[in-house]
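*Asks:* Each chain, written out:
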Amino acid sequence: MTDKVTFWYGCNVVRHGDIIHSAIALLEAVGIEVTPAGGAGYCCGTAKDGNLRAAEGMGKRTVEKFNEHGTGQVVSWCPSCYRHMNAFMGEYTDTQFQLSHFTQLLHARRDVLAIKLTNRIERKVLLHKHFGFHEVDVNPLVEDLLRLIPGLELVETETTVPGHMCSALSRVPAALKDATRAVCDAANGAKADTVATVFHSCQRLLCALEGSEPFKVVNYVNLLTESMGMTTRDDYKEWKLAGSEEAVVAAVGNERIAAMGEKLFRDSILPELLKQPSK
Amino acid sequence: MPEKAATLHAHLDDFIKDTLSRCTRCGKCFEACPMTRYGDGLSKADPKTVVSGVLDWLQQTPGNEESVQWLKVCTQSSRCIEACPEGINAMKMVRVGQMSAMGSLGLQGAPALSGREAKDFFRVINAFSETQMTPDEMARWQR
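For the record, the sequence lines run as chains A and B. Numbering of the first sequence is given in the numbering used here, commencing with residue 5 and proceeding in unit increments. Numbering of the second sequence is given in the numbering used here, commencing with residue 62 and proceeding in unit increments.
Next up, chain A with everything else stripped away, as it sits in the complex (with noise of 0.2 angstroms):
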């Protein structure tokens, strides 16, 4: 396998820098040298299904730009953007590049990671599991690397929820309602006082549970890069547990409200970050 690697990450990951910065240290901790790419300059278009013409340019250029970058081999994290790379993209466009998924990535090199695991992280932790990601059975691999953690206890659960991850839900409320409700009641149920994320959607729609739940919600790289000494910071989760709009505005902050701009802070970011999960 390559040492070179283009890592696309996706775009609606970037709420979760914490998220993107732990990848890229844990592709790096197994010797990759990593190409990182995302944001809305690389998007797969799985979001223009309503404009075809528009998805279509966006998919030509992202494959072209990854076919510059010369790696051979595009290691995606979103799995959206795999699916969408895999059954769109790739059937009208000249790719020049292997697709593998992170977690089979870091799983194969899972000997060379274990030695990183140096800290002990005492938690009791359960993985929440979607089914729908038919291309990659990332479940059972993100499992075995959750293992690899020294202190680290995993919930044998058989709790799986619809959908490749939770924004797939969000389109129909009553089945996130449910799906949440599930994760509560596993992970309740099994005293754990962890919940794993996989991904990035659902890291992001199930993070504020911890402000009515006894368990911490944390994407699981970053429980492996903890245990490798790296210090993370989920942003996006502190936003979320401020709860009124004056304590979300004082946790964001004027500089940062200024750099996102102060009409689209409060217009669009400003009610997602109020929205709590329903469950």
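Hints are supplied without guarantee of correctness; some may be wrong.
Per the computed footprint, the stretches of chain B lying under chain A, defined by three or more beta-carbons under 8 angstroms from a beta-carbon of chain A, are [unchecked claim]: (1) 91 to 100; (2) 126 to 140; (3) 182 to 194.
FYI, nobody ran anything at the bench for these hints, they're computed from the structure. Predicted model, so just to flag it, every value in this text is computed and none were measured. Beta carbons: idealized from backbone N, C-alpha and C, even for Gly.
With chain A held as given, fit chain B onto it using these hints.
*Replies:* Chain B only, in chain A's frame:
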């Protein structure tokens, strides 16, 4: 190995033709779906009727109401793919049906489904990037 399609539309045309030629309307994809309890009237719907409606959408003809409900509640759980005895990617079939119901494939009239993209999608992505990346990372990773 067949040549790749030159455009997304050309690929979708190929996919639709292949799906229509192989689908037997057995309804097993619908029966396997974990989301049917969330759609109006889907619990009691006839699977063959629902799938026939989806195939209508693929042919640029408005499908029945049951098919619209199924298109609405699909969350890409993949169970339909495993269930298809003909090896059709039924999840992709439903997704292309959604595209048709949005009017993306050229069907005229009021769309039965709205597009999925959130308001300000890319502006929000760029705004969060500003708070989570350094200017150097933005320049090297996201341009």
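*Asks:* Report the numbers of all earlier hints that the structure fails to satisfy, in ascending order.
*Replies:* Violated: none.
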